[in-house]
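Trainee: Given next are the chains, with one letter for each unit.
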Amino acid sequence: MRAMVYRGPYKVRVEEKDRPGIEHPNDAIVRVQLAAICGSDLHLYHGMMPDTRVGMTFGHEFIGVVEEVGSSVERLQVGDRVMVPANIYCGSCFYCTRGLYSNCHNVNANATAVGALYGYSHTAGGYDGGQAEYVRVPFADVGPTVIPDWMDDEDAVLLTDATATGYFGAQLGDIAEGDTVVVFGAGPVGLFAAKSAWFMGAGRVIVIDHLDYRLEKARTFAHAETYNFTEYDDIVVHLKRITDWFGADVAIDAAGAEADGNFIQHVTGTKLKLQGGSPVALNWAIDSVRKGATISVMGAYGPIFSAVKFGDAMNKGLTLRMNQAPMKRQWPRLFEHIQAGHLKPSDIVTHRIPLEHIADGYHLFSAKLDNCIKPLVVVGD
Amino acid sequence: MPYTANKPEPATREQLQARIPGWGVDLDPSDRPSVPREHFDPNGTGAHWEFPERQPEHEPRERSIEHKFLTPVFGTSVPLRGVSGAIRRYAYRYSEARAAHWLLLLAGDRVNAWEAHLGSIAKGRPDNPITETGVRTELRHGLIARVGRKRADVNHQWIDPIVVAGPWVLAGVGAVAAVRALRRRGR
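As given, the protein sequences belong to chains A and B, one line each in that order. Numbering-wise (this note's numbering), the first sequence opens with residue 195 and increments by one. Numbering-wise (this note's numbering), the second sequence opens with residue 4 and increments by one.
Quick caveat, the hints were computed from the structure, so don't treat them as lab data. These numbers were taken from a predicted model, which means no experiment stands behind them. Don't be surprised by glycine CBs; every beta carbon is placed ideally from N, CA and C. Check the hints yourself; a few may be wrong.
Claimed, not checked - Partial list, computed: chain B residues near chain A (C-beta under 7 Å):
(1) P5
(2) R35
(3) H42
(4) F43
(5) G49
(6) A50
(7) P55
(8) R66
(9) T74
(10) L109
(11) D130
(12) N158
(13) H159
(14) I162
As the list claims (entries may be wrong) - In the DSS-like style, the derived pairs of lysine-lysine whose C-alpha atoms are separated by at most 30 Å in a straight line are:
(15) K434(A) / K153(B)
(16) K510(A) / K10(B)
(17) K503(A) / K153(B)
(18) K503(A) / K434(A)
(19) K10(B) / K434(A)
(20) K10(B) / K503(A)
(21) K10(B) / K485(A)
(22) K510(A) / K434(A)
(23) K465(A) / K153(B)
(24) K510(A) / K485(A)
(25) K211(A) / K126(B)
As the list claims (entries may be wrong) - Which bits of chain B does chain A cover? Going by a derived footprint, with three or more residues having C-beta under 8 Å, they are:
(26) 17 to 31
(27) 75 to 89
(28) 132 to 142
(29) 145 to 157
Work out the full structure: start from the sequences and follow the hints.
Mentor: Below, the structure is given as structure tokens:
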């Protein structure tokens with residue numbers, strides 16, 4: 195089969211690989227039709243995530259058709275069109291039975307600090323991902339869901355991670371009616387988090403980034419008030435000024451490990467790998483919110499230490515909430531919001547790239563060329 | 004202002020509903036999908052087992068020493084091989100709490116990339132830095148995306164080519180120096 199493979203930092207290519215087979219009675223093999231490149235795939239692409247092995251296929255956002263099922267699979271049949279959540283999870287461990295699917299304890303042999311994700315290094319379990327013609331889907335009775343007839347493919351593929359993660363991030367903010375919410379990062383997760391903040395009753399939604407074309411999308415898609423941090427001497431002071439010197443009630447870090455805004459933090463975190471990422475956005479969140487505020491961390495960070503300003507967080511009495519999103523837990527409500535017309539995930543898609551040209555897609559997305567916000571990878575016909 | 008008791012009044016419900024599609028549809032905090040954080044529902048996941056059947060282990064599989072045993076299901080992409088495999092296997096002797104674990108894994112990643120590059124030359128299909136980095140997209144979009152834009156990432160993007168090509172240049176310089184040194188000794 196044709197599959198994207200990682201060749202080392204900043205290098206990927208498409209090559210022939212063995213088609214995956216059933217390795218467990220509850221496995222399914224899915225023929226991928228549509229996938230996406232996630233902002234967190236760029237952390238792998240840039241060589242930031244420990245134990246990212248040459249030859250791995252990335253991709254935790256994908257939909258497709260069930261091609262084969264294992265002997266114990268009861269809920270899926272060959273030919274079903276399915277959306278597969280980014281999390282791999284068993285459905286029966288302590289965490290899964292409490293809805294914490296992203297923290298499953300039965301699927302990641304390599305680490306206990308993170309659950310398992312498709313195509314996200316061996317630190318996240320060592321499973322190949324969906325930027326390929328076929329993918330092995332463990333626990334087929336638990337994760338995948340048949341795509342409703344009324345749903346667009348592009349909406350479905352975004353629900354497998356980006357949309358669900360943004361929506362989850364807004365929930366972790368514990369938003370109350372009238373709250374001022376500031377979102378750091380106008381990428382896909384930030385856009386969905388900003389949009390979702392209104393659903394939860396925000397009175398004001400502010401989005402911060404340095405890319406004007408993404409801030410424009412934040413205004414039109416998420417109805418947000420936007421600021422380009424490069425235009426201000428100190429974005430923290432600016433946020434205080436525009437909130438009558440309070441700061442926001444809720445902040446959402448939707449930038450994560452590759453945040454810009456501080457050269458030293460960025461270079462030590464993303465180029466030299468001396469930190470688990472560049473916590474610029476998280477530190478801005480800590481310093482810019484009001485005392486007693488809640489910060490929701492949706493941006494992904496690596497497992498080693500990062501220079502986070504915990505002293506300020508403690509002294510301000512902040513609540514920091516975070517987790518990888520349990521995608522499927524969000525789906526029933528998000529289906530309702532899409533059907534009601536409140537949300538159209540595919541509005542943020544900017545590029546549709548054939549699998550054979552995926553290296554170009556990674557570079558476009560990584561270097562933020564051609565106004566790229568969300569690239570999809572077209573695998574099927 | 005926070006120097007007194009009151010906060011600024013936000014826009015009214017009516018104003019927000021008129022402007023924002025879906026405003027307030029998840030207003031009730033207790034009626035949000037991830038509230039409460041832990042919601043015990045063992046029959047709601049689709050699992051029809053108490054503990055999953057074990058996936059066969061066809062070759063020894065590395066695992067975190069913070070696990071009691073190998074998880075019943077595990078990924079099988081790219082088993083450990085070569086020098087990088089030895090480094091990574093050694094890293095798994097340390098817990099996730101130890102910096103040595105992660106730093107050895109990162110070292111293994113860098114060695115793995117070199118193994119792959121040299122292996123690709125040996126196999127007659129060398130890595131192509133033009134097609135595999137997607138750098139051709141710069142020809143069409145690079146300048147227009149950067150010139151005259153207020154982008155914070157422009158101040159560090161110049162490092163990327165050094166990260167990608169720098170080790171090759173250094174290796175080339177080292178190889179030339181080594182050959183020259185050998186020639187001098189031969190004379």
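Trainee: Give a verdict on every hint.
Mentor: Verification of the supplied hints:
1. P5: With a minimum Cβ separation of about 5 Å from chain A (threshold 7 Å), the hint on P5(B) holds.
2. R35: Since chain A brings a Cβ to about 5 Å from R35(B), closer than 7 Å, the hint holds.
3. H42: holds (5 Å)
4. F43: This hint holds: F43(B) lies near chain A, its Cβ roughly 5 Å from the closest one there, short of 7 Å.
5. G49: holds (5 Å)
6. A50: Hint on A50(B): holds, closest Cβ of chain A at ~3 Å, below 7 Å.
7. P55: holds (5 Å)
8. R66: holds (4 Å)
9. T74: With a minimum Cβ separation of about 5 Å from chain A (threshold 7 Å), the hint on T74(B) holds.
10. L109: holds (5 Å)
11. D130: Hint on D130(B): holds, closest Cβ of chain A at ~6 Å, below 7 Å.
12. N158: Holds: closest Cβ of chain A sits about 6 Å from N158(B), inside 7 Å.
13. H159: holds (6 Å)
14. I162: holds (5 Å)
15. K434(A) / K153(B): Distance of about 22 Å is within 30 Å: holds.
16. K510(A) / K10(B): holds (18 Å)
17. K503(A) / K153(B): holds (27 Å)
18. K503(A) / K434(A): The given pair, whose Cα atoms are some 18 Å apart, holds under the 30 Å limit.
19. K10(B) / K434(A): holds (13 Å)
20. K10(B) / K503(A): holds (26 Å)
21. K10(B) / K485(A): Holds, at about 13 Å.
22. K510(A) / K434(A): Roughly 14 Å between the alpha carbons, so the hint for K510(A) and K434(A) holds.
23. K465(A) / K153(B): Satisfied, since the Cα-Cα distance of roughly 21 Å is no more than 30 Å.
24. K510(A) / K485(A): Given pair K510(A), K485(A) holds - Cα atoms ~5 Å apart, limit 30 Å.
25. K211(A) / K126(B): holds (16 Å)
26. 17 to 31: As far as the region 17 to 31 of chain B goes, the hint holds, because 10 residues have Cβ atoms under 8 Å from chain A.
27. 75 to 89: holds (count 8)
28. 132 to 142: It holds, with 9 qualifying residues against the three required.
29. 145 to 157: Coverage by chain A holds here, the residue count being 7 at a Cβ distance below 8 Å.
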